[in-house]
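Chemist: Sequences listed follow chains Y and L, in order. Counting from 1, position 42 in the first sequence corresponds to residue 42 in the numbering used here; the numbering is continuous, with no gaps. Convert by adding 1000 to the 1-based position in the second sequence; the result is the number in the numbering used here.
Keep in mind that the hints are not guaranteed to be accurate.
[Claimed, not checked] Which stretches of chain L does chain Y cover? Using the computed rule of at least three CB atoms under 8 Å from a CB of chain Y, they are:
no., region
1, 1034-1045
2, 1181-1194
3, 1206-1220
By construction, these hints were calculated from the structure, which means they are not laboratory data. Ideal Cβ positions, reconstructed from N, Cα and C, are used throughout, including at glycine.
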Amino acid sequence: MRGATVGQPLLKVEGLCVDVSIQGGEYAALKDVSFTVQRAEAHGLVGESGSGKSLALRSLMGLLPSNARVSAGSAYFNGTDLFANNGRNFRKIRGTGMSMVFQEPAVALNPIARVGTQITDGIAQRKGWSRKQAREYAVHMMQLVGIPHPELRVDAYPFQLSGGMRQRVMIAASVACEPELILCDEPTTALDVTVQAQVLALFDGLRTELNAGILYVTHDLAVVSELCSTISVLYAGQLVESGSAAEVLGNPREEYTRALLAATPRIDEPGQRLRSIPGTTPALRDRPADYSFAMRMADHAPDSLSIPEEH
Amino acid sequence: MSTFQLAQPASENILEMRDIRVEFSTGRGNDRRKIVALNGVDLSVPRGTIHGLVGESGSGKSTLARVLTALERSFTGTVVFNGDELPVRRTKEQRRHIQMVFQDPYSSLDPRMTIRQSLAELLRVHRIVQSRDIGTRCLELMDQVQLPARALDSYPISMSGGQRQRVAIAKALALEPSLLVADEAVSALDVSVQAGIVNLLADLRDELGLSVLFIAHDLAVVRNLCENVAVMYRGNIVEDGDTERLFTEPRDQYTRTLLSSIPRIRY
């Protein structure tokens, strides 16, 4: 199915704009962002802090903070307009249609509910399962995500599990209803590299076995390269470049993508001096309306008077 | 550059830790258990090199850094710094030689002090330079961490994460240490900013001969920066040696698992 041109894509985002209001002012945090995710495809959304990648993900789940709103654009999930019907469409789609894996499982999980209950809350209610049925399913899901001794852990509270185990519980809860699309917000950032490898393998398994689409937000180009076949690069709320992972990483067209790659330490190419990108993405309030990466480079030219962040 | 004075070379290794053992106890009553955080660790850092320390969370990396900087005092074993054994309770002068840079640049600076005030306080308390030379020394420090002199009169709140981390390094350098302990000092930074700090540490090593114990979980950074790497697993150092050899011919099973887990950019 990957790269299929026939039929409608699983997720089609077109011209997405998100405005954020800060102290009475409206600022464009996402400007005209478009991408698609096919079934059984993992799409990476890459960018630095302040690029708007998490905001994009949250707008698709209808989980924007109260001071942010979708001001223009559309997002079609299986042909359903997510932003239409005053946001009521989200309710039908969350859980079974798409679900989200958050970055910080310690925060996203309920600290006073047993992990088994949290995994099956959604599906047990939908299917009208008994407590016993739900428990069996929880054990099955925990096994699927690679938690050792799930029959013992199913009754544990989140604080009794390690960070890696908690993240797996989060993933189990997200995929319990076998969603068609999994939205991931840097789910491996807090994990050890060995656990990260297992979690990435798990996502890849869900993609191939359940035919699930994955939208994976991260700043880590290596992680994207491992998991995703297509990539969109975001900078300061704008889509800089998108295409197949091989194209974007191997033969980047845009200066920003090239700069990001040159700043990333390579495990396979040691001994090369990294090239840092001068400056940082300005805060939303300090960005001119037509802000671009070229302006950041111009601001930090060697003879510029602004504080050089890097050299 | 400056008149940076390193401790006089008295031994080939700036640091030798021998048979370091730390135990914690947790729980109460019948649940009381003993946890061995460091199980007889030996580590040597050759002078003027950056020594990587990698391992999963809970493997004991930070405990080792805390023993080294005397933040953790209940341990057994010996810490030999520059040829002399350091006591558990150290003098101000002994503490000065080993400085630490922490992970979070947002919580490791005093928000109410300008950068100049922070640096001046350190220089005064440790009597590094005479009062009239404090201003000059502050300028030199800014130069060393590649920040403009104007940054001296800024407050941390007006600085980015990368700039704050440079200030944290300047504060460590103010005391003219011989060994810098960087505990995940680049982990919280964006990759574009991280590259600048990694380059700065390499420059300080090359220009000042500074030795660094670089604790990290990002193995790609370690391979790019460090001459030697030690791998920790459950309170033990399972492998220690030349970076290239360790990455190309790992001997220990855990090191092999770790290396095979590293995500790679492929195309």
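Chemist: Taking the hints in turn, state whether each one holds.
Modeler: Right, here's what the structure says about each hint:
1. 1034-1045: Three-residue rule not met by the region 1034-1045 of chain L, so violated; n is 0.
2. 1181-1194: holds (count 5)
3. 1206-1220: holds (count 4)
In terms of the numbered hints stated before, the structure departs from hint 1 and from no other.
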